[in-house]
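Once you have looked at the hints, place chains B and C on chain A.
Residue numbers (our numbering), protein chains in the order written: chain A, 7 to 177; chain B, 0 to 343; chain C, 682 to 826.
Hints were generated in silico from the structure; no laboratory data involved.
All residues carry an ideal CB built from backbone N, CA and C; glycine is no exception.
Watch out, some of these pointers could steer you wrong.
If you want a taste of the chain C side facing chain A, the calculated C-beta under 10 Å gives, among others [claimed, not checked]: (1) 695; (2) 696; (3) 698; (4) 700; (5) 701; (6) 704; (7) 706; (8) 707; (9) 708; (10) 710; (11) 711; (12) 713; (13) 717; (14) 718; (15) 720; (16) 751.
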Amino acid sequence: MSGSIRRLTRCAVLTALALALSVAEGLVPLTILFPLPGLRLGLANLVTVYALCRLSGREALLILVSRCLLGALLGGNLMSLAFSLTGGLLALGTMFLLLHMRGLSLFGVSVAGAAAHNTGQILAAMAVLGTRAPLVYLPPLLLCSLITGTVTGGACILLVHRVPQPLERKS
Amino acid sequence: MKRLFPLFLALSLSLSACGAPTVGDVGASEQFFAMDTIMTVNVLDENGEAAVQAARAEIDRLEQMLSRTREDSVIALLNTHAGDGSALAVEPELGALLRFAQSVSQDLPGCFDITIAPVMDAWGFTREERHVPDPDTLADTLALVDWRALTVAEDDASARLEEPGMAVDLGAVAKGFAAQRAADAIRAAGGTSALLDLGGNITVLGSKPDGADWRVAVKDPQDTERQLGVVSLRDKTLSTSGGYERYFEANGITYHHILDPETGYPADSGLLSVTVVSSDPLLADALSTALFVAGRQAALDYWRSRDDFELILCGSDGVVTVTEGLTFAFRGEEHGYTCETARR
Amino acid sequence: MHFGGRSMDTPVKRPAAERRRPTIGDGVLALLVILCAAALFFGLRPASGNLLTARIVLDGVLVAEYDLNALTSPVELAVDGGAYPMVIQAEPGRIRVLESGCPSQDCVHTGWADRAGDQIICLPNRLVISLSGAEAQTDFDAVTG
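Chain A on its own, in the form it takes in the complex (with noise of 0.2 Å):
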């Protein structure tokens, strides 16, 4: 059937974007004005808030799973791997549960989910290290959030609403 290929194909699409996105931000480092390991804008947040919002949990899952493994093996380790991927799952579980809350709009959504990535970072971080050292880094990184969470929530908000909706019935 042709929605199995569809749904497929929009993945493997904002899979790549996704990829892309944090390619992309990689270019232009936050952390040259925060002086702050694990500062980033979080581009690639804007591919899962979309997925959550217009298709499913699943597919947001399957594709930020797809963009960590592609992005480990495009230039990082596997510790950069248990960083994305810990932070990630973080990110869309704190997100998948808001979206379901009234009185919040992608604004809030999107600090939660930045706010989580961090923590989910630093919790990695730990144990990785072994150590609890990386955690003085988690209070001025959950600050930074707040910013990075609102820039990315008013682009999810554009995004959501400017990009069509997928012609799922249609099909």
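Relative to chain A, chains B and C alone:
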């Protein structure tokens, strides 16, 4: 509030992770001055106080015996009787210690000599009046340095210095000997997990209370606030000798306290520090001094001839050589050091 | 193939996805993130910011104890009980041996101590100044050398 549960969950996870208990909540510790240095004894078993006191008592006893600046010590007596032909009755453990020091001199000719005391006095390292001796004084005192002219009886029960003016200084073995005996005392008192810091000479007993290896950092000889790296181990002694420990400057030249028994001048072998790791505290202490004088190549050759110690050598060329038997996490790269592993 | 879920076949209803402006809920969430950051910050370093204690011990006897971070102005302490007279200077957050009559002057050369775990030692005087407070920021148990 319910809505933010996921976020709270994430944050409380991270908070609980930092509440892990720290090592050192139980056990006993004491810091004290002995053997011209500061010592810390930590016993991390429950009710470790008795073991700490046993270790301290042992160290105090050995200082009484080994310090040549105490007039009533056996070593001071041995030195006063130098050259008068009389053999001084000594404890067998001291006889064995003197004989051990001689064996190191024999193994590493020209690198180690406990009869260096007259030269140390000429430099003023003993009385903290450090100065460059005039050449005549140096030559006179250097003539008195000869470990072969120290006679120890077969049964280790008596010793004699053959020439008047000769003197023994056990500075290069005293801390190692003390570590050996203090560790024995701690074990006898039931201690299983302990860390002894005898003026930078580190001895670890067993593992940490949580079962992990002890982690001992090695000082950067060029900046003692920094570390060259960290060794993970258990039941070992780490002894480090370096010119940065005691030194003085005169006319723009730095003179340190590890004297070459051949020249009478501070050893200049191209090494900034030598760390010896061994399960024998006495061996670690003596070899760190001897191999500092010997230099990198001779030290590695000697290491290849034995299997009871490992080395970390820091050279003035910025190369840190670590022998293959150690678990060493190198940290010196950002301070301009490079690390190489020596193989057998 | 079955992709499961009614949500697959109908346009997904996500209240948050339809809004274009921030809500009060967003503000509450941002506030909570700030609170968590602050709680973590203060929870993590209960001592380093607030408490740094210097203990001056002369031959096993406690001579003086300063809470360095509570000091508002420099303090000088003359210690004459040892073999050589010496002067110790404490400032907000740090301490040093200002001058000493001892021959080696190692204690003076050590300079300022300002971190928990730091020690200044004068061997001839049998004096130790040790700083405690925050957990020492090291990942090893001892230092050889």
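Hints and how they fare:
1. 695: holds (5 Å)
2. 696: holds (5 Å)
3. 698: This hint holds: residue 698/C lies near chain A, its Cβ roughly 4 Å from the closest one there, short of 10 Å.
4. 700: holds (4 Å)
5. 701: holds (6 Å)
6. 704: holds (5 Å)
7. 706: This hint holds: residue 706/C lies near chain A, its Cβ roughly 4 Å from the closest one there, short of 10 Å.
8. 707: holds (4 Å)
9. 708: holds (8 Å)
10. 710: With a minimum Cβ separation of about 4 Å from chain A (threshold 10 Å), the hint on residue 710/C holds.
11. 711: Constraint on residue 711/C satisfied, holds at 6 Å.
12. 713: holds (9 Å)
13. 717: holds (6 Å)
14. 718: Given a least distance of 4 Å, the restraint on residue 718/C holds.
15. 720: holds (9 Å)
16. 751: violated (23 Å)
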